[in-house]
Amino acid sequence: MDRWDDLKFLLAIFKNGTMASAARALGTNPATVSRRMERLGDELGVPPVIKTPQGWGPNPELAKLIEEAENFHQAILRERSLLRHGSGRPDSEITIACSPLMSAHIFIPNLVAHAESLANIRLVFRDRRLIESLADNDVIVSMFRPATGRVLSAKVGAITLAVYRHAAAPSDSRLWVGLGEEVNALPVTDHAWQIFGQPPQIRVGTFEHIQRVMETTHYGGILPCFSVRDRSDFVAVEGSACETDIFMSYHESRRGDPAMETVTRFIRASFLRAQGRGGVSGV
Numbered sequence: 001m002d003r004w005d006d007l008k009f010l011l012a013i014f015k016n017g018t019m020a021s022a023a024r025a026l027g028t029n030p031a032t033v034s035r036r037m038e039r040l041g042d043e044l045g046v047p048p049v050i051k052t053p054q055g056w057g058p059n060p061e062l063a064k065l066i067e068e069a070e071n072f073h074q075a076i077l078r079e080r081s082l083l084r085h086g087s088g089r090p091d092s093e094i095t096i097a098c099s100p101l102m103s104a105h106i107f108i109p110n111l112v113a114h115a116e117s118l119a120n121i122r123l124v125f126r127d128r129r130l131i132e133s134l135a136d137n138d139v140i141v142s143m144f145r146p147a148t149g150r151v152l153s154a155k156v157g158a159i160t161l162a163v164y165r166h167a168a169a170p171s172d173s174r175l176w177v178g179l180g181e182e183v184n185a186l187p188v189t190d191h192a193w194q195i196f197g198q199p200p201q202i203r204v205g206t207f208e209h210i211q212r213v214m215e216t217t218h219y220g221g222i223l224p225c226f227s228v229r230d231r232s233d234f235v236a237v238e239g240s241a242c243e244t245d246i247f248m249s250y251h252e253s254r255r256g257d258p259a260m261e262t263v264t265r266f267i268r269a270s271f272l273r274a275q276g277r278g279g280v281s282g283v
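Sequence positions in the sequence shown follow full-length UniProt numbering and run 1 to 283.
Note that these hints are calculated values from the structure, not bench results.
Keep in mind that a hint or two might mislead.
With a straight-line Cα cutoff of 30 Å, these simulated DSBU-like cross-link-like pairs (lysine-lysine) come out [unchecked claim]:
| # | residue 1 | residue 2 |
| --- | --- | --- |
| 1 | Lys64 | Lys155 |
| 2 | Lys51 | Lys64 |
| 3 | Lys51 | Lys15 |
| 4 | Lys51 | Lys8 |
| 5 | Lys51 | Lys155 |
| 6 | Lys8 | Lys64 |
| 7 | Lys64 | Lys15 |
Fair warning: this is a prediction, and the values are worked out from it, not measured in the lab.
Put together the whole structure using the sequences plus the hints.
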């Protein structure tokens, strides 16, 4: 292939869903991405993008090529990190995608204790809720393992979720706020349906949003116990607590990357440090 960097544009479309969103992620414009895809299509003999209801997205016929492009990209990141580490230069940026409540209550409080080991790493926390693929993140920390890709996943801890009522709400209130339907498989969601007897009145994107809606509407909702352990206005419904495993995942090509190893140790240590606080446990 004469122009390897065209694959970078294809990979960005795959990770971001459409050519427009890929252009934003790459800091360019959709016209440039379109020209790159036209050139790549001429070389491959197959259109790399096709029209979807959401816009122009990756052609499923190129799934294997995209997978190999991702493997190549991750291997380059690992080798670059090894070279920088060996020469004593600061390591590369590492992006951790997780729930904003998780970063606020588990990871950020542990930064000072690990300041020395993380001194040469630029950490970026991205607020994500139910992450099911790496996308453009280096590490994801989530209740779910990625469904596809060459990904290493390991349990790093567990959190306890429970159904809460607002202290100011009537005891027989059936109004509650929940996450998307993709969390219906969690046992705590079954408890919420049994307690309130109906679907959520409002659905939002994150536990943090649930907390904000509960504060303003006095609806009930599902929350991680660690996030409201010091609040008297949120009352856990007896018998509703459920422990949920948390997994850390990253691309297998990053095995041996010194920066990645430092960050994964930090993630594990953060769960251990938070152990016992509102139903958090580490392994």
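The hints, checked one at a time:
Between Lys64 and Lys155 the alpha-carbon distance is near 28 Å, which keeps this suggested pair within the 30 Å criterion. Among the hinted pairs, Lys51 with Lys64 is consistent with the structure: their alpha-carbon atoms are about 19 Å apart, no more than 30 Å. As the CA atoms of Lys51 and Lys15 are separated by approximately 16 Å, the hinted pair is consistent with the 30 Å bound. At roughly 20 Å between alpha-carbon atoms, Lys51 and Lys8 fall within 30 Å of each other, so this suggested pair holds.
Straight-line distance between C-alpha atoms of Lys51 and Lys155 comes to about 38 Å, which puts the hinted pair past the 30 Å bound. For the hint linking Lys8 to Lys64, the alpha-carbon distance of about 15 Å falls within 30 Å, and the restraint holds. For the hint linking Lys64 to Lys15, the alpha-carbon distance of about 14 Å falls within 30 Å, and the restraint holds.
In terms of the numbered hints stated before, the structure departs from hint 5 and from no other.
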